[in-house]
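Q: Sequence:
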Amino acid sequence: MLKLKDITDAVLKYHPRADLDVILEAYLYSAKAHRGQIRRSGAAYFSHPVEVAFNLSRLKMDEKTVAAGLLHDTLEDTLATPDEIKQLFGDEICQLVDGVTKIGQVAFASKEEKQAENYRKMILAMAKDIRVILIKLADRAHNLRTLESLSAEQRQRIARETLDIYAPLANRLGIGWLKAELENGSFKHLYPDSYLMIEERVAEGEDERKKYVASLCEVVGQELEAANIPGSVAGRPKHLFSIYDKMREQNIAFDDVYDLIGVRILTDSVKNCYALLGMIHSLWKPIPGKFKDYIAMPKPNLYQSLHTTVIGPEGKRVEVQIRTEEMHRVAEEGIAAHWQYKEGGSGQPKQGEKQLLWVRHLLESQKDLTNPTEFLNAFKVDLFPHEVYVFTPQGHVIALPKGASPVDFAYEVHTDIGSHCFAAKVNGKIVPLRYRLRNGDRVEIVTSKQKTPSRDWLSFVKTSKARSKISAFLNSEEKARSQRLGQDLLERELEKFDLSPHAVMKSPAMEEAIKACGFNSPDSLLRALGLGKLSVHHVIDKLVPKEKIDEKRSGEGSRIKLKESEPKRREGSGIRVKCFNDDILIRVGKCCNPLPGDRIVGYITRGRGVSVHHADCPSMKGFLNETERFVDVEWDTVKMTSHVTRVHIVTEDRPGLLASISGVLADCNINITRANVQQGPYKRAYFDLFIEINDLDHLNRTLAEVKKVKGVIHVERVTEFRKKISGKTQQGNLEGESNVREQDRGILIN
239 MLKLKDITDA VLKYHPRADL DVILEAYLYS AKAHRGQIRR SGAAYFSHPV
289 EVAFNLSRLK MDEKTVAAGL LHDTLEDTLA TPDEIKQLFG DEICQLVDGV
339 TKIGQVAFAS KEEKQAENYR KMILAMAKDI RVILIKLADR AHNLRTLESL
389 SAEQRQRIAR ETLDIYAPLA NRLGIGWLKA ELENGSFKHL YPDSYLMIEE
439 RVAEGEDERK KYVASLCEVV GQELEAANIP GSVAGRPKHL FSIYDKMREQ
489 NIAFDDVYDL IGVRILTDSV KNCYALLGMI HSLWKPIPGK FKDYIAMPKP
539 NLYQSLHTTV IGPEGKRVEV QIRTEEMHRV AEEGIAAHWQ YKEGGSGQPK
589 QGEKQLLWVR HLLESQKDLT NPTEFLNAFK VDLFPHEVYV FTPQGHVIAL
639 PKGASPVDFA YEVHTDIGSH CFAAKVNGKI VPLRYRLRNG DRVEIVTSKQ
689 KTPSRDWLSF VKTSKARSKI SAFLNSEEKA RSQRLGQDLL ERELEKFDLS
739 PHAVMKSPAM EEAIKACGFN SPDSLLRALG LGKLSVHHVI DKLVPKEKID
789 EKRSGEGSRI KLKESEPKRR EGSGIRVKCF NDDILIRVGK CCNPLPGDRI
839 VGYITRGRGV SVHHADCPSM KGFLNETERF VDVEWDTVKM TSHVTRVHIV
889 TEDRPGLLAS ISGVLADCNI NITRANVQQG PYKRAYFDLF IEINDLDHLN
939 RTLAEVKKVK GVIHVERVTE FRKKISGKTQ QGNLEGESNV REQDRGILIN
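Whatever position you read off the sequence shown (first residue = 1), add 238 for the numbering used here.
Possibly wrong hints are sitting among the right ones.
Claimed, not checked - With a straight-line cut-off of 20 Å between C-alpha atoms, the simulated PhoX-like cross-links for lysine-lysine are: (1) Lys-734 <-> Lys-687; (2) Lys-426 <-> Lys-484; (3) Lys-945 <-> Lys-921; (4) Lys-537 <-> Lys-448; (5) Lys-554 <-> Lys-448; (6) Lys-663 <-> Lys-687; (7) Lys-476 <-> Lys-426; (8) Lys-509 <-> Lys-484; (9) Lys-717 <-> Lys-771; (10) Lys-689 <-> Lys-663; (11) Lys-340 <-> Lys-366; (12) Lys-426 <-> Lys-449.
Claimed, not checked - What follows is a list of derived Cβ distance ranges for each label pair: (13) Ile-910 <-> Arg-693: 36 to 46 Å; (14) Phe-660 <-> His-634: 15 to 25 Å; (15) Phe-757 <-> His-652: 55 to 65 Å.
Everything labelled a hint here was simulated from the structure, so no lab data went into it. Idealized CB from N, CA, C, for every residue including glycine.
Using the sequences and the hints, build the whole thing.
A: Next up, the structure:
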C-alpha cells in the first residue's frame with residue numbers, strides 16, 4: 239500500500255512550495271474515518287483514497303485537490319458531514335468533496351430522461367470546478383484496477399460506463415495517459431477474449447519490434463546530431479484498446495494494423511518540428527494522405543503534434559509523431575498541465591480556459607435542449623468529436639465535428655450569422671446548406687435578414703450550439719404561434735355567444751377560468767388551447783351559462799358552423815383559411831397530397847398550425863368527433879402555386895419511352911422533380927414520377943396526353959396513405975395526431 243510520503247514526495251517534485259499540512263491533515267482524517275472498513279478485494283478501504291490522491295499527484299494537481307482526493311469518499315461512506323469537512327478543511331475542499339460525491343451518485347445506464355438529467359448534473363459540476371471531474375477520473379482509474387473481486391455483471395457495468403463516459407472525458411480534457419489506462423482497463427473486462435488475443439499477439443512480436451524501433455531511433459538520433467537540432471527520439475507504445483478499436487472500425491486483421499510501430503521525436507521549437515518533418519520525409523518515403531498538422535490546427539483538447547506515416551526500412555509502415563517538449567506535456571497531462579507552480583505563481587489554470595469552453599458552451603446549450611434525446615445526442619457529439627477543420631474567408635480555422643454542415647459553421651462563427659443563414663459557398667461554389675464539410679474547405683455564408691432557422695436544419699446539423707439555437711428559435715416561434723391560434727379558437731367560440739373577446743379577456747370571470755383550468759396567465763392558457771392540451775369547450779363552460787351553451791350547441795348539430803367572414807388569402811400556399819390570423823402555419827398532408835380542385839378540410843393540430851387534407855383522407859377519420867378543431871379552408875383561385883404529386887405509369891419496356899413521356903410533360907408545362915424507373919416481368923417498365931402541377935384540371939389534362947404516348951399501358955395519380963388512423967382515436971390521442979403531423983409538410987403563410 240502507498241504511504242503518505244509517496245504522495246508528498248510526488249507533489250513536491252512539481253510544486254516545491256506546496257502546503258503539505260493540508261494533505262497530512264486530510265490523510266489522518268480519512269484514515270480515522272475509514273478505520274475498520276474493508277474493500278471487497280480484502281484490502282483496507284483507506285488504501286483506495288490514498289491511491290486516488292497519488293493519481294492526482296500524477297496529474298500534478300494542487301495540494302487542495304490532492305487533499306480532496308483523500309477525503310472524496312468520506313461524505314458517502316463514513317459518518318462525516320459537509321459542515322465538519324468545511325470547518326476542518328475550508329469551503330473549497332468541502333465543495334470539491336461534495337461535488338465528487340454527487341457525481342458518484344449519477345447512474346448513466348438509466349432511462350433516457352433520467353440519463354439526460356444525470357449528464358446535466360455532471361456537466362454542471364465540471365463547469366463549476368473542473369477539478370471535481372479530475373478527482374472522479376482518478377477515482378475511477380483505481381477502481382478499474384480492482385474489479386476482479388466484483389461480480390461479472392458489476393464488472394461489465396463499471397467497465398461499460400468507463401469506456402462510454404469517463405475515458406472520452408479524459409480524452410476531451412487531453413489527459414493521454416489516463417485515457418489509455420481507462421480504455422485498456424475497460425477493454426480487459428468488456429471483451430476479455432479479444433483483449434487476451436491482442437495482448438498475446440503484441441507480446442509475440444515485442445522483441446522484434448523493440449529491435450526495429452531501436453534501429454529507427456539510432457538513425458533519427460544521428461540525423462538530429464548531424465543537423466544540430468536539439469531533440470530526443472523514442473519508441474511510442476501502441477495501447478491495446480487503440481489496436482482493437484482500429485481493427486473494429488476498419489474491419490481489418492491484427493497483422494494489418496500498420497501503426498504498431500511508432501516513434502516520437504521531441505524538440506525545442508515549432509520551427510524545428512517542421513525541420514524534423516522534412517528530415518523524416520527525406521529519409522523515408524511518406525504515405526500520401528497520412529500527414530496531419532495538429533500544430534497549425536490543434537485539436538479541441540489543445541493537443542498539438544505533427545503526424546506522418548512513412549515506409550521505413552524493410553518496407554514496414556512507421557508512424558512518426560513530432561512535437562515540442564511543452565506540446566508533449568500538454569498531450570499527456572491535458573488540462574492538468576495548466577496548473578502552474580512557479581515562484582510567485584498561483585495554482586489556478588489560465589491556459590486551460592480554452593479547454594473548458596466546450597463544457598461551458600454545452601452547459602449553455604442544454605438550456606435550449608429540453609428534449610432528452612436531443613440533449614444526449616448533443617452531449618455525445620461534444621464528447622466524441624471527430625474534427626473537421628475548415629477556414630473562414632479571412633483564413634481563420636474553425637474546428638467542427640465530422641459531418642458538420644455550413645449551418646454548423648455559421649453558428650460557430652456567430653449566432654446571428656447562423657440564424658440568418660441563407661446560402662453557403664464552399665471553395666467559391668454554391669452548395670446546399672446540408673452539404674458535409676471536409677478538411678480544408680473555405681466556407682463563406684450568405685445571410686438575409688428575412689431568413690430564419692428552419693426545422694429541417696435539425697435533421698443535419700451536428701454541433702450542440704447549432705441545435706440548441708435552432709431549437710430555441712423554433713420553440714419560441716411555436717409558443718407565439720400556439721398562443722395566436724389559441725386566441726383565434728377562443729375568440730371564435732366567444733363570438734358565437736355574442737360576447738366581446740376583448741371584454742371577456744379583461745373580465746374577472748376570465749381570471750377565474752384561468753385559475754380553474756390550472757394556469758397562471760392568459761398567455762399560458764391560450765398556448766394550451768393552441769397546442770390542443772386544453773379544449774376550448776372546457777374554457778367556454780366556465781365563461782358562459784350552461785343553459786346558453788346547451789341551447790347554442792343543440793341548434794348547431796354535430797358540425798359547428800363558423801361565423802361567416804371574408805377569407806384571408808395566405809401568400810404562397812394556394813389555400814385560404816377563414817377567421818384566422820395571417821401568419822397561421824398551414825401544413826399540406828403528404829398522406830393524400832390534395833391538389834387545387836380536390837375537396838379539402840382543415841384541422842387544427844396540436845401546436846403545428848392547420849393541417850389540410852383531402853376531404854376523403856382516411857387520416858382524418860379519427861378526429862371527426864373533435865369538431866371544434868376543424869376549420870373551413872378553400873383553394874385560392876386568385877393566386878395559385880404549384881404542388882408536387884406522384885404519377886405512376888406502366889409502359890412497354892422499350893428504348894426512348896422515358897424521353898417521349900418527358901417531352902409530353904414538357905409540352906404540358908410540367909416540371910419533373912424526381913423519377914424512379916424499374917424494369918418488371920413480361921417486358922414491362924414502371925415509372926414513378928413526382929411532378930409539379932397547378933391544379934386538378936391541369937393534372938387530368940396532362941395524364942390524358944401521357945396516355946396517348948405509344949407504349950403507355952396505364953397511368954394514374956398515386957395517393958399514399960401511410961397509415962390509416964383508426965376511427966376509435968379519441969381526443970388528445972397523441973399517437974394518432976403525430977401520424978398526421980409526420981405526413982404533413984409545412985408552409986408558413988405570411
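Q: Hints numbered earlier in the text: which of these fail when held up against the supplied structure?
A: 1, 4, 8, 12, 13, 15
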